[in-house]
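A.B. asks: As you go down the protein sequences, you meet chains A and B in turn. 1 is the number of the first residue of the first sequence in my numbering; add one for each residue after it. 1 is the number of the first residue of the second sequence in my numbering; add one for each residue after it.
Heads up, none of these hints are tricks.
Computed far set for chain B versus chain A, every beta-carbon distance over 12 Å: (1) Leu11; (2) Ser12; (3) Lys22; (4) Ser26; (5) Gly55; (6) Glu83.
Not everything, but these chain B residues come out facing chain A in the computed CB check (under 8 Å): (7) Arg43; (8) Leu46; (9) Asp49; (10) Ser100; (11) Lys101; (12) Ile102; (13) Ile103; (14) Phe104; (15) Gly105; (16) Ser106; (17) Gly107.
Hints are computed from structural coordinates only; laboratory data are not their basis. Glycine included, every Cβ here is placed at the ideal spot set by N, Cα and C.
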Amino acid sequence: GAGVSQTPSNKVTEKGKYVELRCDPISGHTALYWYRQSLGQGPEFLIYFQGTGAADDSGLPNDRFFAVRPEGSVSTLKIQRTERGDSAVYLCASSLIGGMDFSGANVLTFGAGSRLTVL
Amino acid sequence: GENVEQHPSTLSVQEGDSAVIKCTYSDSASNYFPWYKQELGKRPQLIIDIRSNVGEKKDQRIAVTLNKTAKHFSLHITETQPEDSAVYFCAANGPYSSASKIIFGSGTRLSIRP
Numbered sequence: 001g002a003g004v005s006q007t008p009s010n011k012v013t014e015k016g017k018y019v020e021l022r023c024d025p026i027s028g029h030t031a032l033y034w035y036r037q038s039l040g041q042g043p044e045f046l047i048y049f050q051g052t053g054a055a056d057d058s059g060l061p062n063d064r065f066f067a068v069r070p071e072g073s074v075s076t077l078k079i080q081r082t083e084r085g086d087s088a089v090y091l092c093a094s095s096l097i098g099g100m101d102f103s104g105a106n107v108l109t110f111g112a113g114s115r116l117t118v119l
Numbered sequence: 001g002e003n004v005e006q007h008p009s010t011l012s013v014q015e016g017d018s019a020v021i022k023c024t025y026s027d028s029a030s031n032y033f034p035w036y037k038q039e040l041g042k043r044p045q046l047i048i049d050i051r052s053n054v055g056e057k058k059d060q061r062i063a064v065t066l067n068k069t070a071k072h073f074s075l076h077i078t079e080t081q082p083e084d085s086a087v088y089f090c091a092a093n094g095p096y097s098s099a100s101k102i103i104f105g106s107g108t109r110l111s112i113r114p
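Work out the full structure: start from the sequences and follow the hints.
C.D. replies: What follows is the structure, given as structure tokens:
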């Protein structure tokens, strides 16, 4: 697609429920990132995919959070047993390539985000 | 772990004046430093980036400087305009084992006074 697409744009759920957030990256982008942004804060790194594999998941806060990218394109962030503290905007970003060679092809393009509210 | 500190958290300047935002990073192996602008309710967008092989980069009214010895980098906006009002984030990539991990600062809310 022309840009990074995220759905839903808004999600309101009750504490304890399960949610899935979807990211459709720019076509051909092999690297995909998930960030979480709370009000007044910078994007907080969650996980980075290179192709189908999670190359770095060190930012996932606990085992309630999980993400997949089975075909190396669309990714889903899954949150189990949601808590009020999970409320935030979840941002997805993609880049043409990942890795240590930052040659311009590693510039992140962000989606509009999914705003999650846990009541 | 990796850390990026950003200051000030808020900045108000008169239209036409310059604005400077400063960041420090913790890992000497970081080699990529992008800056993003986020307008209210919008997604972050890259405005300029710099790599460790240069000390300064300029793009029209925006410039970024990098001091690798001191592990700090700065964003300079000259001749500020109302449309420059936004939140600005600096970022740095992680160390060797996680060089693709981009860590963001906490942001600077820039307001341009008419």
